[in-house]
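Colleague: These protein sequences, in sequence, are chains A and B. Going by the numbering used here, the residue at position 343 of the first sequence is 343; the numbering climbs one at a time, nothing skipped. Going by the numbering used here, the residue at position 87 of the second sequence is 87; the numbering climbs one at a time, nothing skipped.
It should be emphasised that the hints constitute simulated quantities derived from the structure, not laboratory data. We put the CB at the ideal spot given by N, CA and C, even for glycine. Watch out, some of these pointers could steer you wrong.
Claimed, not checked - Part of the chain A face toward chain B, derived, beta carbon under 10 Å:
id : residue
1  : 45
2  : 47
3  : 136
4  : 137
5  : 317
6  : 324
2 protein chains.
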Amino acid sequence: MTVVIGIPASGEHETRSPINGDVVKKLAALGVRVLIQRGATDASFATPESLGDVDWAETSTEVIARADIVWSIGNLSAADQAALRPGQLLMGLLTPYASAEHVTALAATGVTAFAMELLPRISRAQSMDILSSQGAASGYECVLIAASRTPKFFPMLTYAAGTIRPARVLVIGAGVAGLQAIATAKRLGSVVHGYDVRPETREQVESLGAKFVNTGVSAAGSGGYARELTTEEKEQQAQALAKAVAESDVLITTAAVPGKKAPVIVTRAMVEAMRPGSVVVDMAAEGGGNVEGTVAGKEMLVGGARVIGPVNLPARMPVHTSEMFAKNLLNFTSPMIADGVLSIDWSDDVIVGTALTHGGALVHAGVAKVLGVP
Amino acid sequence: MTVVIGIPASGEHETRSPINGDVVKKLAALGVRVLIQRGATDASFATPESLGDVDWAETSTEVIARADIVWSIGNLSAADQAALRPGQLLMGLLTPYASAEHVTALAATGVTAFAMELLPRISRAQSMDILSSQGAASGYECVLIAASRTPKFFPMLTYAAGTIRPARVLVIGAGVAGLQAIATAKRLGSVVHGYDVRPETREQVESLGAKFVNTGVSAAGSGGYARELTTEEKEQQAQALAKAVAESDVLITTAAVPGKKAPVIVTRAMVEAMRPGSVVVDMAAEGGGNVEGTVAGKEMLVGGARVIGPVNLPARMPVHTSEMFAKNLLNFTSPMIADGVLSIDWSDDVIVGTALTHGGALVHAGVAKVLGVP
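Taking the hints into account, I'd like the entire structure generated from these sequences.
Modeller: This is the structure in C-alpha cells:
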C-alpha cells in the first residue's frame with residue numbers, strides 16, 4: 001500500500017511550497033509517495049533535482065484526484081476545493097475564522113480538513129506548529145524591513161571622526177515573532193526594548209538582552225495567547241507605552257489574537273510623537289493592525305514616521321519557510337501513517353483540536369462559536 | 001569677522017545634507033555662521049529645531065551669493081556652479097574624474113574647489129575621509145539588501161522541528177565598505193568568507209570572524225588601493241573565486257578603483273553556477289560593476305541568481321550619513337579658520353592633494369593626467 005500526498009501549486013502571491021527534498025525522503029520511509037503539480041516549487045527554489053524521487057502532475061485537478069492527503073500552504077482555489085472528497089485529508093493554513101461561508105463550503109465536500117492555525121499549543125505539538133515556525137520568519141523579516149527603511153544605522157559605529165549611537169528599537173508583542181524580532185534587532189546591534197501584556201514574557205525578553213517596558217498591566221490569557229484588556233487597562237498601558245514609543249527610532253508590533261481583529265495598541269497620536277524619520281513595522285497589518293494608520297501592503301506617512309504594513313512576510317524567504325512548513329506538516333502527518341496505511345486516531349487531542357471539518361460537518365467547537373455556525 | 005558656510009539643497013535623488021545640529025555648534029565656536037537653503041535638510045530629517053542657530057535662504061542662488069564656503073554633497077546645478085566666484089571655496093564629492101568638460105567648467109569660475117574624493121589616504125586625514133565614512137554605510141546597506149532579498153535566514157535557527165543552517169555570504173573587496181559588510185553579515189549570524197586582491201587585508205577579514213579566500217594572487221597597490229591585475233593573474237584569481245562564489249548563498253562585491261571603471265571580477269558563468277535563489281549585490285554598479293550582468297539601479301536575473309546593482313547607498317540612511325559627511329567636512333575645514341578668518345595653508349599636503357581647481361585652473365596633477373587636460 002502507498003499513501004499519496006499531493007501538492008498543488010500555491011496561489012499567485014505565494015512563494016512557499018510545503019515540501020523539500022529532505023521531507024520527501026522522510027515520507028518515503030513511511031511508505032508515502034509525493035505528487036507535485038509541475039512548477040509548484042519554482043518560487044521556493046526547490047528544483048526537481050533537489051526534490052529527488054517524486055511524481056509530477058500537470059494540473060492541480062490531477063493532484064487533487066490522485067492524492068490521499070493534500071498539503072497546501074493556504075486555501076485551495078474554489079475549483080480545487082470543490083473537487084475534494086470524503087475520506088480525503090487536507091492540511092494547511094485554512095483561515096478557519098475567515099467566514100461561515102468558507103468553512104461551510106469546505107465541510108460540504110466531505111473532506112477531513114486540518115487547519116493548522118487551530119493546532120493546540122501544547123509541548124507535544126510544538127514540532128507541528130506552523131504559526132510558530134512561520135512567525136519566527138515574520139519577526140526576522142520585520143527587522144530587516146525596519147533596518148532598511150530607517151535613516152539610521154542599527155549598530156553603534158565608531159569611525160575616524162566620531163561615534164554613531166545605536167538605533168533604539170521597541171518591539172511590542174513577545175510571542176515567537178516578537179522574540180525573533182528582538183533577537184534579530186539585538187544581533188544588528190541596536191538598543192532593544194520589548195513589551196507584552198503577559199508579564200511572564202519579561203524573562204524571555206530580558207534573556208535576549210532587551211529591556212522590558214513596565215506598564216503595570218497584565219493580560220495573561222489561556223492557550224499561550226493574551227486575553228483582551230479592559231478599557232481602563234488599555235488606557236494605563238497606552239500611557240506607559242506612549243513614552244517608550246516616542247523615545248524609539250523603530251517600532252515593531254507583533255500582537256495578534258487568533259480569530260479576532262488585531263488589537264490597536266499604538267494610536268496615531270503616539271506615532272505622531274515619534275521623531276521625524278522613525279519607522280513603524282506593523283506585523284499585524286493583515287489582521288487590521290496594532291497601529292492606528294497602518295494599511296496592509298503599504299507604507300504610510302503618519303506625522304514624520306513611516307508606518308509599514310507588510311503582508312505575507314514568510315513568503316519573503318521561501319527556501320527556509322517552505323522547509324519549516326514541510327517539516328511541521330511531516331510531524332503532524334507521520335503519526336497517522338504506518339507501513340503505507342493511513343489511520344487517524346480520533347482520541348488524540350492534537351488531531352481533534354486541529355480538525356476543522358470531517359464527515360461533511362464543521363467539527364471544531366471554537367470555530368463554530370466564533371462564526372455562529374450551529 | 002564671520003565666515004559663512006552655505007548649504008544649497010542637494011539634487012533631487014539625494015537625501016543627504018552635509019550638516020546637522022552638532023556641527024552647527026562646533027562651527028559657531030570657530031566663528032562660522034551656517035546659511036541653509038530652506039528645505040535642504042528635510043530629507044535628512046534635520047529639523048530647524050535640531051539645527052539650532054542658523055540662517056535660512058529661500059534659494060540656492062542666495063546661498064551661493066552669500067557664502068564664503070559652499071558645502072555640498074555632490075555637484076551643484078549648472079546654474080549654481082556658474083555663479084561660483086574667485087576666492088570662494090567649494091567642498092564636496094565633485095566627481096573629479098567624470099569628464100574634462102566638467103572640471104574645466106568648474107575651474108573657469110575661479111572657485112577653489114576641494115573634491116573630497118581626492119583626499120590623501122594618510123592617517124592625519126582619516127577624520128576628513130568622506131569616501132570612508134560613506135563607504136561604511138554602503139557596506140552595511142548592501143548586507144541589508146542581500147538579507148532582504150535572499151530566500152533564506154542569515155542566522156542559524158533552531159526551532160521545534162529542526163535546525164536551519166546559516167546562510168553563506170562571500171564579500172569581495174575588503175576596503176572600508178567590504179569590512180563593514182563582513183561585520184554586518186557576521187552580526188546577522190551568517191557564515192562569512194572575505195576576499196581582496198591585497199593579501200594584507202587577510203588579517204582584518206579574519207579579525208571580524210570571517211574566513212579569507214586564498215587565490216594565490218596579490219595586487220598590493222599604492223595609496224591603500226589595489227593596482228590592476230595582469231590577464232594571467234585575473235585568470236588564476238577567477239578560478240579560485242569561481243568555487244567560492246558557487247558555494248555562496250549571497251555574494252557582495254565592493255571592489256572599486258577611484259577614477260577607473262570598476263574591475264569585472266565575477267563573470268556571468270560564475271554567477272550562473274550559483275544555486276537558484278542566490279543573491280548578488282554589486283556595490284560597484286555605478287562604476288560599471290564588479291559582476292558581469294549588473295545593471296545600476298536594477299535587479300537582474302542571471303541564471304537562477306538575483307543580481308542587484310544598488311545606486312547611492314548612503315542616501316538610504318541620511319540621518320547618519322549626513323552626520324558623518326558634516327563631521328568629515330568640519331574636520332577638513334576647521335584648520336582653515338581661526339577667529340572667524342579664513343586662510344588656506346598651501347603647504348599642507350592634505351589641502352594640496354584635495355584641491356581640484358584654484359585660480360581659474362585645474363590644479364590636481366593626477367586628475368589632469370587621467371582626463372588628458374594639459
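Colleague: Each hint needs a verdict: does it hold in this structure or not?
Modeller: Now for the hints, and whether the structure bears them out:
no.	hint	result
1	45	holds, 4 Å
2	47	holds, 6 Å
3	136	holds, 6 Å
4	137	holds, 7 Å
5	317	holds, 5 Å
6	324	holds, 6 Å
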